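Peer 1: The chain contents come next:
There are 2 protein chains.
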Amino acid sequence: MLEKRTPIPVSEAIDKCIKYAKQKEIIEMNYLESLNYVLAEDIIATYDIPMFNKSPYDGFAIRSEASAGASGDNRVAFNVVDHIGAGSVSEKSLKNNEAVRIMTGAEIPAGADAIVMLEQTVTTDEGFTLRKPFTSGENISFQGEECKKGDTILKRGTLINAGVIAVLATFSYATVKVYQKPSVAIIATGSELVDIDEELSPGKIRNSNGPMIMGLCKEMNIEVLNYHVKADDYETLFNAVRNVYQNHDIVITTGGVSVGDFDYMPQIYKDLTADVLFNKIAMRPGSVTTVAVKENKFLFGLSGNPSACYTGFELYARPVLRTMMGERDVYPTFVKAILSEDFTKANPFTRFIRADLDYRTMTVKPSGFNKSNAVIAIATSNSMIILPGGTRGFVAGDTVDVLVNRLSPSDGVPW
Amino acid sequence: MLEKRTPIPVSEAIDKCIKYAKQKEIIEMNYLESLNYVLAEDIIATYDIPMFNKSPYDGFAIRSEASAGASGDNRVAFNVVDHIGAGSVSEKSLKNNEAVRIMTGAEIPAGADAIVMLEQTVTTDEGFTLRKPFTSGENISFQGEECKKGDTILKRGTLINAGVIAVLATFSYATVKVYQKPSVAIIATGSELVDIDEELSPGKIRNSNGPMIMGLCKEMNIEVLNYHVKADDYETLFNAVRNVYQNHDIVITTGGVSVGDFDYMPQIYKDLTADVLFNKIAMRPGSVTTVAVKENKFLFGLSGNPSACYTGFELYARPVLRTMMGERDVYPTFVKAILSEDFTKANPFTRFIRADLDYRTMTVKPSGFNKSNAVIAIATSNSMIILPGGTRGFVAGDTVDVLVNRLSPSDGVPW
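Protein sequence lines, in the order shown, are assigned to chains S and F. For the first sequence, position 35 matches number 35 in the UniProt record's numbering, and the numbering has no gaps at all. For the second sequence, position 344 matches number 344 in the UniProt record's numbering, and the numbering has no gaps at all.
By construction, these hints were calculated from the structure, which means they are not laboratory data. Predicted, not measured: the structure shown is a model, and the values here were computed from it. A portion of the hints provided could be inaccurate.
Unchecked claim - In silico BS3-like cross-links for lysine-lysine, where the CA-CA straight-line distance does not exceed 25 Å:
no., chain 1, residue 1, chain 2, residue 2
1, S, K132, S, K155
2, F, K365, S, K365
3, F, K155, S, K365
4, F, K204, S, K149
5, S, K155, S, K22
6, F, K177, S, K218
7, F, K24, F, K294
8, S, K19, S, K177
9, S, K155, F, K218
10, F, K336, S, K336
11, S, K24, S, K149
12, S, K365, F, K336
13, F, K24, F, K155
14, F, K19, S, K148
15, S, K294, S, K16
16, F, K22, F, K294
17, S, K155, F, K365
18, F, K24, S, K218
19, F, K218, F, K177
20, S, K148, F, K218
21, S, K336, F, K365
22, S, K92, F, K204
23, F, K92, S, K204
24, F, K155, S, K218
25, S, K218, F, K204
26, S, K204, F, K149
27, F, K280, F, K297
28, S, K345, F, K230
29, S, K270, S, K297
30, S, K19, S, K297
31, S, K132, F, K345
32, F, K148, S, K204
33, S, K230, S, K270
34, S, K24, F, K92
35, S, K177, F, K218
36, F, K297, F, K22
The whole structure should be built from the sequences, with the hints applied where relevant.
Peer 2: Here is the structure:
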């Protein structure tokens, strides 16, 4: 089983995964439940916004021509003849120096063509006076200026965030078509792994990869089934993968992909007659990450070491999950940032280093202790520095590519 | 009720909110359920990591002194005397040119002090030969080099992400102390609002703010009760707020805060004998945002227009929610970016403009149609440009502050 593996570049590995991923079926759901799903239909404006010419301010609706010649020395007086709230419509049609008191959002009454803001007026017994002329259309939000009935407002493939929910509410999409989410199973393998409620003994380590991947999926509102196979024999592992794979779109195994004699995953994929997309990637950590596909189902063989497992999930599994759930853009978020520390190690392969990105200054440095097993850095860091293969000797001040995993709140405002 | 309001700066308004916010009570929960809660205890290493000196590679454990003088012309031979998997421990103690076949993660056997990687060896009948000398400690992950028993690994106040879950699993925190989440109620007010299943008629608009805020809270895994009060009369609104406020930590009303005659919220806060922190902020949109506090409960009076409502939530409500749920850093994420379009309007107050931030180039431009009622921009944008009050005439190429709301996936890798 010690066959030679030929590494492929990271970008090629990601592209291969995405190419084989298929969108899940379309379902229809209540729009209030649809957060974090992806639109499976375009959202079309069902009416003009604004629906009518309306006032963006609290103030008075006037005929602009009546304000002609107004100045500080020549204040023009208006009589207030009606008073309308946001949900009401005036039945008056304005003549000359008549005005209607109007609230933000209310419809412009007939005859009026400008809005005077409250703070631009001086109150009188009959109404108010003005000190400047208004032009026709001044301070009016016109019907359809934001969007017109029939406009495509949001495209299929948009992840549903709170703003999308507001758009669905606005255009009466009480139900909405979305893509079903993929179903994920995790199998943590290895006789050295012990669960959280078991005692540690020499040679054993805790199973942290299963819970971590469960968390990563839950952050995408994807539910996960977690299996733990405490064995390194081929038969047990093969049966576990074969059984789990029947009921899930994605099976993620962690552990069991290195070149050691005890690592059976690549063989299991073959024996399942799955199409192995790659079994070695020119990256550190996680070079032995293996991905296979069978009948639109994905088998991810991620490394057993936490950092490699995390990196493998972010680079290969997340884009596949995003594609299956229907997203348009599925690659990670990348920024350029300036190294604030030297990193002099050689990078025979493309290296991913858990890092702390300072959003305010766009500077970045390795996070804590940078061994590939540093589970702590996964918890505290917000990004990964990417150093290309075939390089060495990056120093503070160099610009590097950074893969961003999460936003970090600030401890104050910058201004 | 048309009393004069004195605007305060945005940063002062945020600080006031945070100052009055109190952490919720501490509860204990299963660590697998704790995602998106905040740690209410420090997480302490319960053992050294690594727990023992171990091999970071698949290879052979040797005594380094036995490799002295090895070269291409003088290969040194080793006999393999044992074979250990990741979960096992060798009972052998190495002598001179003996070696133990060892898997990634396995404990270094007694007598050995270096690891030879598989690819550095040439196989022989009895074992392998080497062409370079090894130093003591080479390729060994030492006990405690990542962390030592008793080290504080994660601080109270850390938001629990998937990496934190992995740390909890690692150190056997089967249950973990977290802060309870605040309970939120939304009251959408205004006789002009109609719900998603009702017919629109002249003068009416759809209630999109309630569903939007519900979505924003759900993104933080905070559940929300949604009320809709279709009235503008004081008595109805007062009773609604008074009743709802009894059962929730935070009551967010949308609509009813502008200076119009129909807007009773500030009066309601007074009549509830709540402490009004401010009722006007030097910002656009949303200058009439009002926040009041009573008995550790917050009353947010957000504007009825969607963009102002959204901005008010992000600037004031979200930091309060974060504080209540125990987070250490509670202010938004800020970056500096370069305007890619002119923005020539005057900014009498600090202006927040829904925007599209290009993470790759750190350039930013206003998103779509920038009226403050543009609900569509909330769905599609990922950030807000912040232009200081008292300025005008920003042009393409200027550097501006940007408040970041969400990461945007890419359509490819940048290298």
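Peer 1: Next, verify each hint and record whether it holds.
Peer 2: Okay, the hints, checked on the actual structure:
no. : hint            : in the structure
1   : S:K132 x S:K155 : violated (45 Å)
2   : F:K365 x S:K365 : violated (29 Å)
3   : F:K155 x S:K365 : holds (20 Å)
4   : F:K204 x S:K149 : holds (16 Å)
5   : S:K155 x S:K22  : holds (18 Å)
6   : F:K177 x S:K218 : holds (20 Å)
7   : F:K24 x F:K294  : holds (15 Å)
8   : S:K19 x S:K177  : holds (24 Å)
9   : S:K155 x F:K218 : holds (23 Å)
10  : F:K336 x S:K336 : holds (13 Å)
11  : S:K24 x S:K149  : violated (30 Å)
12  : S:K365 x F:K336 : holds (19 Å)
13  : F:K24 x F:K155  : holds (17 Å)
14  : F:K19 x S:K148  : violated (44 Å)
15  : S:K294 x S:K16  : holds (14 Å)
16  : F:K22 x F:K294  : holds (12 Å)
17  : S:K155 x F:K365 : holds (20 Å)
18  : F:K24 x S:K218  : holds (24 Å)
19  : F:K218 x F:K177 : holds (22 Å)
20  : S:K148 x F:K218 : violated (30 Å)
21  : S:K336 x F:K365 : holds (19 Å)
22  : S:K92 x F:K204  : holds (18 Å)
23  : F:K92 x S:K204  : holds (18 Å)
24  : F:K155 x S:K218 : holds (23 Å)
25  : S:K218 x F:K204 : violated (39 Å)
26  : S:K204 x F:K149 : holds (16 Å)
27  : F:K280 x F:K297 : holds (20 Å)
28  : S:K345 x F:K230 : violated (65 Å)
29  : S:K270 x S:K297 : holds (14 Å)
30  : S:K19 x S:K297  : holds (13 Å)
31  : S:K132 x F:K345 : holds (20 Å)
32  : F:K148 x S:K204 : holds (17 Å)
33  : S:K230 x S:K270 : holds (22 Å)
34  : S:K24 x F:K92   : violated (54 Å)
35  : S:K177 x F:K218 : holds (20 Å)
36  : F:K297 x F:K22  : holds (9 Å)
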